[in-house]
Amino acid sequence: MRVAIDWVFHLGTWNLDVLSNLLDPAVLCFLLGLTAGLTRADLALPRALYETLSVYLLLAIGLKGGVELARAAPQTILLPLTGTLVLALAIPLVAFFILRKIGRFGKPDSAAIAAHYGSVSAVTFAIVLEYLRQSGRYFEDYTAVLLVVLEIPAIGVGILLARAGGSGKSIDWKHISRELFLGKSVFLLLGGLVIGAIARPEAMETISPLFFGLFKGGLALFLLEMGLLASRRLAEVKKVGLFLVAFGLIMPMISATMGIAVALLVGLSPGGTTVLATLAASASYIAAPAAMRIAVPEANPALYLTAALGITFPFNVTLGIPLYDWASRFAHQLGG
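In this note's numbering, the protein residues as written are 207 to 542.
Each hint should be verified, as a subset may be incorrect.
Capping the alpha-carbon separation at 27 Å, the derived lysine-lysine pairs in DSSO-like fashion look like this [claimed, not checked]:
id	residue 1	residue 2
1	307	422
2	390	380
3	444	307
4	380	422
5	422	313
6	422	390
7	444	313
Hints were generated in silico from the structure; no laboratory data involved.
The task is simple: from the sequences and hints, build the whole structure.
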């Protein structure tokens, strides 16, 4: 009876969280861009501004993570890092099985899509952090390190799944590694982490107004452009089939559940559990597409880009994050 009452209470809380998240200015900017794209309004951000904002956001996330990494004791983050690595390897395997055995997708497409869902979206990560900060919720400050850990391994798993069983093609790991580690997203995140970790605290204060104080405004502008991009992918949804649409909505919830389980095992706080669940539920649309174009060229980009950017990303930033937060708090209450 007690569990049922808690369930009803948390369900009502989730409804309020959804409304609060939808009324957040950054999310509203995303919805504005989405509406502009669907209605073909005369709205477009200069390509140079989009590139600048993406560099800004990735570097800011890395810097913030580096600052907090410098403060964290190594023994504090070792277990969460290990659990996150296991998660990064497990999610693409689950996604591949669903796509291959239930969806009956070909091996290259299944592997490429699985790699996207095992990897992460830095923008979704930024949104969940702002969501928790606006709510005044505590979460572990080293979560940006978990973001980096989730970014790379899933892409490697996807490549191996595509080539498993022998395809007669060799894998140019040197080229792929260069794309992964020297590609914009990972390079800026890692670089920001290093700078934030080794820079003097008083020196970091001089740049904090730009990278931390204005972060929410930069995120809002970037989400405006992401809404425009997502609207173009939504037009392709009818081409990719009902199963992939369902996969793009259900797989994030499966991954988030796995993330919550790992977070509970490694001892993350309720807020930290929400962050890891959201990271697990997100899908890459920067690093993974670049790697898949090189390593699995026979995979159809329309499938993995539409699923990640046209279906999962809008779901996560509007309904998903409050849902994962609700589930994380409920799981902690049951476990506590």
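* Asked: Taken at face value, is the distance from the CA of residue 313 to the CA of residue 422 at most 27 Å?
  -> violated (40 Å)
* **27 Å limit on alpha-carbon distance, applied to hinted pair residue 380 and residue 422** => violated (37 Å)
* Take a quick look at whether residue 307 and residue 422 sit within 27 Å of each other, Cα to Cα. => Since the Cα atoms of residue 307 and residue 422 sit roughly 42 Å apart, the hinted pair is violated (cutoff 27 Å).
* Asked: Are the Cα positions of residue 422 and residue 390 separated by 27 Å at most?
  -> holds (21 Å)
* Does residue 390 pair with residue 380 here, judged by a C-alpha cut-off of 27 Å? -> The hint holds at about 17 Å.
* **Pair hint residue 444 and residue 307, alpha-carbon separation not exceeding 27 Å** => holds (22 Å)
* To do: Given the hint that residue 444 pairs with residue 313, test it: the Cα-Cα distance must not exceed 27 Å.
  => The hint holds at about 22 Å.
The structure does not agree with the numbered hints 1, 4 and 5 stated previously, though it agrees with the rest.
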